[in-house]
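Enquirer: Residues 1 to 397 in our numbering are what the sequence shown spells out, letter by letter.
Note that these hints are calculated values from the structure, not bench results.
Fair warning: there could be bad hints in the mix.
[To be verified] Here are the computed distance ranges between Cβ atoms for each label pair:
(1) Pro167 - Ile8: 43 to 53 Å
(2) Thr354 - Asn149: 49 to 59 Å
(3) Val107 - Glu206: 34 to 44 Å
Computed from a predicted structure; not experimentally measured.
From the three backbone atoms N, C-alpha and C, an ideal C-beta is built for every residue, glycine too.
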Amino acid sequence: MNTNYRGIIAAAGAITPTVALVQDGNSVQREKAAGVLALLATNSDNRVAITAANGIYPLVQLIQTGNVPERVNAMSALWTLSTNDACKAVIAAAGGIPSLAKLACDVGEYQKEVAAGLLWNLSMAPENREAIAEAGGVPPLVELLRSGNAVQKMRAVGALANLVTIPECQIGVAAAGGIAPVVNLLQYGTVPQKECALTVLLHLSECSRKIQAGMVAAGAVPAVVAILYCGSDIMKQDASRVLANLSSSQDKSAIAGAGSISPLVALLWDGNSTEKLNATIALANLSMDPASRAMIAAAGGIRALVMLVRDGSDDLKERAAVALFNLTLSQENKIMIAAAGGIHALVALLQNGTKTQKRNSALALSNISLNDRYTAHSCYGDDSGAKVSTSRRSSPP
1 MNTNYRGIIA AAGAITPTVA LVQDGNSVQR EKAAGVLALL ATNSDNRVAI
51 TAANGIYPLV QLIQTGNVPE RVNAMSALWT LSTNDACKAV IAAAGGIPSL
101 AKLACDVGEY QKEVAAGLLW NLSMAPENRE AIAEAGGVPP LVELLRSGNA
151 VQKMRAVGAL ANLVTIPECQ IGVAAAGGIA PVVNLLQYGT VPQKECALTV
201 LLHLSECSRK IQAGMVAAGA VPAVVAILYC GSDIMKQDAS RVLANLSSSQ
251 DKSAIAGAGS ISPLVALLWD GNSTEKLNAT IALANLSMDP ASRAMIAAAG
301 GIRALVMLVR DGSDDLKERA AVALFNLTLS QENKIMIAAA GGIHALVALL
351 QNGTKTQKRN SALALSNISL NDRYTAHSCY GDDSGAKVST SRRSSPP
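Required output: the full structure, derived from the provided sequences and hints.
Expert: The structure is reproduced here in structure tokens:
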């Protein structure tokens, strides 16, 4: 159908009788009428008109009960209609979500592509996400990540990137074995696939220790670290946040061992404000591990952290002071902190900082002031140092 004629055909009154054929026609008529609506729906005004003519309900009915050609045309129509926010709500209200969840694991490749695309579009509306989870939509999307074609993978990971904003879907992705295929897509997918996969991992990294451990076991850390070297600014921001979240877990050695410290230190110098904050949180947490302290120092992290204590925002000063405190648990690092001007920066923070900044700088200065006859001490009873939360306000407990 010529695109120039679609508006003319609709204006001539074709939509209402076409909807009637989808609802009450014979099999051939239903198939052809659904195909006509799929073409007409590529016009934004026609999408509104089809919805106003109650065209969505019979299309949903057709994907539930129609034969394969009827379903294919009805799904194509709904796919285009679902780009309209009002249509998303009507498709959900008409019971379309359970049918689409089922069709996403159907035998037809095109049907799976369109079903995944519809779930992606519908998941853009926050109110539909719980309904998709309840309809069992997460496992078939995960399966498409594992075994689908490129289009299916893109649409599935796009849908999951929206769905994992709610706890039910976070748990569902992990339970369906979805972490490994998401990591694989981050490593080997196209740029849009990588962007969505990283979004999925970002939300999963904010979940339980069990899910965080699953991410580490699936190889998420080296895949995320690679983004710090070659990703866009937005991707680097998300990747640094993932590492900040994971660094609060028990997997610090795995994170440091994946080569994360050098690019994180680089972000302290060259990143935007969010990247710097994420990197500082990650390094502060990693510095609780003795081996990581040496790596941070070797990567030039001490000079960068001193710079942030001196010139950073309040959040950066607070967290950089925690990192320096942890680093002072090493005698060699105390010397390097002093040589980098850290004492002057910490004293200035002690004099002029916020209450939390003063406390953090005092802890660091206390350790620096101990001479070689004593061992730098932690107020936590061991050499594990202080952990930094990824929330906006934090300090050593």
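Enquirer: Compare the structure with each hint and give your call.
Expert: Structure-based check of all given hints:
Look at Pro167 against Ile8: about 49 Å separates their beta carbons, and that is inside 43 to 53 Å. Roughly 54 Å separates the CB atoms of Thr354 and Asn149, a value that falls within the hinted 49 to 59 Å. Taking 34 to 44 Å as the suggested C-beta distance range, the pair Val107 and Glu206 conforms, at roughly 36 Å.
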